[in-house]
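Chemist: Residue numbers (our numbering), protein chains in the order written: chain H, 603 to 1144; chain S, 4 to 238.
Just so you know, these hints were derived from the structure itself, not from any lab.
The reader is advised that the hints may include incorrect statements.
Stated by the list, open to error - With a cut-off of at most 30 Å between alpha-carbon atoms, the simulated DSS-like pairs for lysine-lysine come out as follows:
hint, chain 1, residue 1, chain 2, residue 2
1, S, K200, H, K626
2, S, K109, H, K718
3, S, K200, H, K789
All values reported here derive from a predicted model rather than from experimental measurement.
Chain by chain, the residues run as shown.
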Amino acid sequence: MSTAVAEVPVETRIHYLNASYGIKSWLFTTDHKRIALLYLGSITLMFFIGGAMAVLMRLHLIEPAGALVQPETYNKLFTMHGVVMLFFFLVPSIPATLGNFLVPMMIGARDLAFPKLNLLSWYVYITGATFTLYALISGGVDTGWTFYTPLSSHYLTTHVIAAATGVFINGFSSILTGLNFIVTIHKMRAPGLTWKRMQLFLWSIYATSVIFVLATPVIAIALFLVVLERAFHVGIFDPAIGGDPVLFQHLFWFYSHPAVYIMILPGMGVVSELVTCFSRKKPFGYMFIAYSSMAIAMISFFVWGHHMFVSGQSVYAGFIFSALSFAVAIPSAIKVFNWTATLYKGSISYQAPMLYALGFIGLFTMGGLTGLFLASMATDIHLHDTYFVIAHFHYIMVGGAVMGYLGGIHYWWPKITGRLYHDGWARFAALVIFVGFNLTFFPQYMLGYLGMPRRYAVYPSEFQVLNVMSSAGASILGVGYLIPFIYLLWSIRYGPVAGSNPWGAKGLEWETPSPPPTNNFQEPPVVAEEPYGYAEPEHAHV
Amino acid sequence: MSESAATNPLAAPPAHRASPALHHQFEELEQQYDASNFGMWVFLATEVMFFGGLFTAYIIYRSIYYPGFVAGSHGLEGDFGAAMTFILLASSFTMALSVHAAREGKRAMLVVLLLLTIFLGIAFLGIKFTEYGHKWHEQMVPGLNFNPSVEALRGAPGNAVELFMCFYFFMTGLHALHMIIGIGLLSVMTILAWRGKIRRDNYDRIEVSGLYWHFVDIIWIYLFPLLYLVGGRYK
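So here's chain H without its partners, still in its complex pose (with noise of 0.2 Å):
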């Protein structure tokens, strides 16, 4: 990347990406929006990795009896493919980008607290990623990915221990971002920026630091004690001894349904952002969104049951467990409401960030009404462990988490890069992926809710037809993810030149040159408006 800028030529002023040369200057940088740029490139990497699996899986279940792997291949490919998928790609994917750019450039701060501390995070990161990935080539792993015991720890004999460890040290590099964030919000913010003048962004950023803190060290202690048990053939989930194996799952699930908060509050955040600037109004209902992203991850804590329904819970826990998620959904859909009631009567434009962001809004509110299904006891016992529960949290992570990022990283790319994206090639991107995940995805549904079990690499012919789609789907969706990937490459070298606000919009983070001088603003910023001053009408400074 250093040499694509090096070469720029245009660009005499000095900004973080030409203050220093060298591939030293980028791995031992301390500042905030290269280490955001690594992660950029190591999440890109990771995000295809773990698609290629998906391609893999969708081609495989063409065929009823299965047309391309062993079921043991299979096993391993829908295991890695969650592994890579939501611990090193969703997990970090807002955050440690966009987050990382923008929480010091929103607050008017010239870095985050703990510069050192944000680039171990990356390099745990790594350490991470190469464990899980020598699991990956040395064989693979199949156990799902949730680990479960006593699967994992006494009888599968593939590389759990170095996929565990993996995730293990990731959650680490987890832990160190969301505290550098919680840390910069409470302490670097700019005179005058109080809570209640934050961009909604930051209120979504604090509120998943908040889980990665508390939630994150949890799995790593349940991973750690089966990393264990199954070194030493003996441990506190090991049925022989009197262990119960369902306490892993509580374990497990006390961080992984939390974790499914740390993967869509960041995605609200952005879109919070995008409706806000797409239809020129300020947000519907500012502190309502602001305390839903609270609510969501204090909620988020106290549900993880409703992932053990069938796991022999008892049956007044499952009561507990389905009302509180049923509680979820309230701040939820104040959310859905307060961005529809921001588009009502707004300057709407569909510039390529907005169009992800409707797609988030739609996609986003049937994954989260398809989870009421199965937060109710007795609907879960139909369509638990079936393709209804893969198509419920697609529409969630990819619908949603996903549209989100992309979202994101379109709205933000010309501050990032300074330059300018083709807005028509990335409105058919935007285009493709919505076709493309819907196709993929809403046959599942109907497979599900017919019958067709997960984890299957083998199914009944009269599922055929919805499998095709299925496939058919994800081929326009794998495309779809690679567009994007070569016009924004593009664009760093040859598209026209961003300025400072491209979209008109308002935040701190616009009112320095882009891309940004490596101390973020010129002479630090004094706050003394409220957000989202849109009532004027806009003009673009392009």
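Use these hints to put chain S onto chain H, whose structure you have.
Modeler: Leaving out everything else, chain S in the frame of chain H:
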């Protein structure tokens, strides 16, 4: 970075940013001090949840397999546990004095107190590993060498005692790992103090290390009764 000084006024420190201890991202020392302290507290919240998973599991199993946990607890050496508790509390005292010495800028005192804290930490680990050795001889190590005598079981089922010993090794082992990290941290601080790198304007690193050290002590304060005193040893 030097070329940016020409165009970017913040690259050169303004007059009020005179202190060399002030990192570039902060406006003033007080903010930096607050941030590093707050950062350590947030980290400790993470640690509470990290150990919390184990404590929760311990409490669940203790309620299910109480006789096995009592038998396992009575197999531990309470004198060792008491001695380790005393040593660790003493080390917390010397750590607190270290922070005071750093705040007052007393370099020699700081070095001596830090060395004393490290020494107490090593003494704790020495006793801990001696106890591990005893467990090995008593064949009380789950998975590797578990074949307890009839007296050691005290009538409780062997697998429940084994479960207790799993917790004993996991919890004290994880605690010992934190001690080792803490000793490493304090060793770095001692070297910095020895070289005169700890001053009144950057003693927050001693304070933050102290917070960590006290936290590890507090974990032990909970481990000691949970592991050594279950079932009323001194009735």
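Chemist: Does each hint fit the structure? Answer for all of them.
Modeler: Structure-based check of each hint:
1. S:K200 <-> H:K626: holds (27 Å)
2. S:K109 <-> H:K718: holds (28 Å)
3. S:K200 <-> H:K789: Since the Cα atoms of K200 (chain S) and K789 (chain H) sit roughly 25 Å apart, the hinted pair holds (cutoff 30 Å).
Hint violations for this structure: none, all hints satisfied.
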